[in-house]
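Enquirer: For reference, the chains in residue letters:
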Amino acid sequence: MTENNAYQENYERLTLELRRGVLALATLGRLTGPKYGYALIDELGRAGLEIDHGTLYPLLRRLEEQGLLESEWVVEGPRPRRYYVLSADGRRLLAELSDDWAQLVRVMAALLPEITD
Amino acid sequence: METKTNLIDRYLYQVGRDLPSNKNKRADIQAELRSLISDALESRYPGQEHSEEQVAEVLKEFGPPAKVAASYFPEGQYLIGPRLYPQFRMTLGIVVTIFLVVQVILFGVAVVIRPESLQIDDLFGGLFSGLMIAFGIIVGIFWLLQRYELEPETEESEWDPAELPTLPTDEPVGRLERVISIAIGMVAIMLLVFMPAWLAEFIGPDPEQAFNPLIYSFLPYIIALTLIGILLDVLLLWRGRWEAWTRVLKMLVNVLDIALVLAMLAAHVDWLAQAGITQFMFIPDALAEGTVTPDVIQVLAVQGTRIALIVAAIALVADTGVQAYKLVRSYINRADTERLGMEIRLPRG
Chain C
1 MTENNAYQEN
11 YERLTLELRR
21 GVLALATLGR
31 LTGPKYGYAL
41 IDELGRAGLE
51 IDHGTLYPLL
61 RRLEEQGLLE
71 SEWVVEGPRP
81 RRYYVLSADG
91 RRLLAELSDD
101 WAQLVRVMAA
111 LLPEITD
Chain H
1 METKTNLIDR
11 YLYQVGRDLP
21 SNKNKRADIQ
31 AELRSLISDA
41 LESRYPGQEH
51 SEEQVAEVLK
61 EFGPPAKVAA
71 SYFPEGQYLI
81 GPRLYPQFRM
91 TLGIVVTIFL
101 VVQVILFGVA
111 VVIRPESLQI
121 DDLFGGLFSG
131 LMIAFGIIVG
141 IFWLLQRYEL
151 EPETEESEWD
161 PAELPTLPTD
171 EPVGRLERVI
181 SIAIGMVAIM
191 LLVFMPAWLA
201 EFIGPDPEQA
211 FNPLIYSFLP
221 YIIALTLIGI
231 LLDVLLLWRG
241 RWEAWTRVLK
251 MLVNVLDIAL
261 VLAMLAAHVD
271 WLAQAGITQF
281 MFIPDALAEG
291 TVTPDVIQVL
301 AVQGTRIALI
311 VAAIALVADT
321 GVQAYKLVRS
331 YINRADTERL
341 GMEIRLPRG
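Residue numbers (my numbering), protein chains in the order written: chain C, 1 to 117; chain H, 1 to 349.
Please note that a few of the clues may not be correct.
One side of the interface only, derived from the structure: several residues of chain H facing chain C at Cβ under 7 Å [to be verified]:
1. Y13
2. E32
3. G63
4. Y148
Simulated restraints on C-beta separations [as the list claims (entries may be wrong)]:
5. H:Y78 - C:D89: 40 to 48 Å
6. C:L49 - H:A27: 24 to 32 Å
7. H:P82 - C:L49: 39 to 47 Å
Calculated from the structure, these hints are not laboratory results. Here the structure is a predicted model, which is why all the values come from computation and not from measurement. Cβ coordinates follow ideal geometry from the N, Cα and C atoms, glycine included.
Please model the complete structure; the sequences and the hints are all you need to start from.
Expert: In structure tokens, the structure reads:
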């Protein structure tokens with residue numbers, strides 16, 4: 001029984017790492033147009049990438065601090081919302097990273113063993 | 001409506017307490033969180049009005065304030081984070097070693113120049129509190145570096161593989177043994193230094209009436225070799241693992257110790273012979289009669305010391321033999337693995 005738990009923990013840890021690895025790229029990819037935080041989480045979730053608040057929002061801040069995103073407060077209705085969008089550097093980075101990603105997919109396909117059920 | 005804003009306000013305040021002290025940044029993060037919480041609320045429960053339970057539920061999803069703050073400032077969760085830790089360890093090691101060496105040297109100087117001024121407090125108290133203060137200062141400095149996310153400048157000079165230190169043998173130096181040995185050494189020196197004064201109090205101004213008159217004549221050598229032993233222990237503590245040259249040093253110090261022990265042994269045998277005692281263990285009649293004079297005590301003390309010296313000599317010779325054996329074996333091991341072209345794998349620390 002404990003072996004199962006240990007295995008489960010290992011699986012969860014590694015799958016989380018996989019997802020964390022692609023999170024920044026996925027985020028950048030969805031910010032070609034301005035979006036606010038909650039909408040982004042929603043969009044990513046519906047596409048199949050489940051992310052929790054505690055991971056995405058600090059990430060958005062960090063990307064902005066690194067100059068890859070720009071943000072501004074927009075007042076709509078009763079309260080303001082913060083919209084993020086790619087900066088010029090961000091667009092360029094997105095293009096390069098997307099190429100890297102395509103390359104990585106090819107490499108992994110070659111590296112991973114064929115799984116036959 | 002009052003309760004709803006109040007709950008969120010209280011939440012954001014708690015989050016703010018653990019955020020970086022930069023006011024603008026903190027306020028910005030809080031404003032953003034407020035907006036995000038509202039978004040979550042509205043998407044979950046459409047409409048402007050929300051009950052306290054609904055707010056609480058959404059807040060719970062966001063997580064405890066401390067954790068949320070931590071996600072915005074991960075490096076602040078450490079006293080000394082993983083980035084700075086290696087340098088911290090290195091700095092600590094260097095400072096502590098220097099400190100110990102300086103203390104031992106100062107102690108040695110005091111012993112030679114002004115033994116009367118020594119007190120037990122000076123020695124251990126000073127050492128301990130000094131170490132604590134040094135440790136505290138270093139931790140404090142690195143905490144500050146961590147807090148303000150600074151990185152100390154390190155010189156990255158080109159390293160030369162030819163300058164790699166010689167391979168240590170597998171064996172780590174027993175840290176606890178060394179520390180105990182140092183402590184015993186220092187206590188021993190204290191005792192030896194104070195002995196004349198104490199004995200004078202006990203027995204009278206004539207030191208020849210001392211328990212063991214012979215120790216006097218060897219006192220400077222005993223103290224000197226004990227000091228050398230302490231310095232060697234500090235050196236071994238610093239290196240961490242035995243190396244060929246440290247083994248040789250240890251053997252040399254052992255040889256000096258053996259020489260001293262043998263010299264003292266010879267003196268004791270002579271003294272006893274002159275007192276007319278040639279057997280190994282002589283129990284004076286006076287003891288049986290119950291009259292214990294200083295003479296009797298002297299004889300017993302000198303005999304006892306002689307036995308102790310013999311034991312010490314045997315132990316020292318044995319240790320020297322062990323060191324020699326390990327030294328030879330380490331060379332054989334190295335030669336073997338080189339011959340077979342295998343990599344030497346050292347066990348972890």
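Enquirer: Among the hints numbered above, which are violated by the structure, and what are their numbers in rising order?
Expert: 1, 4, 5, 7
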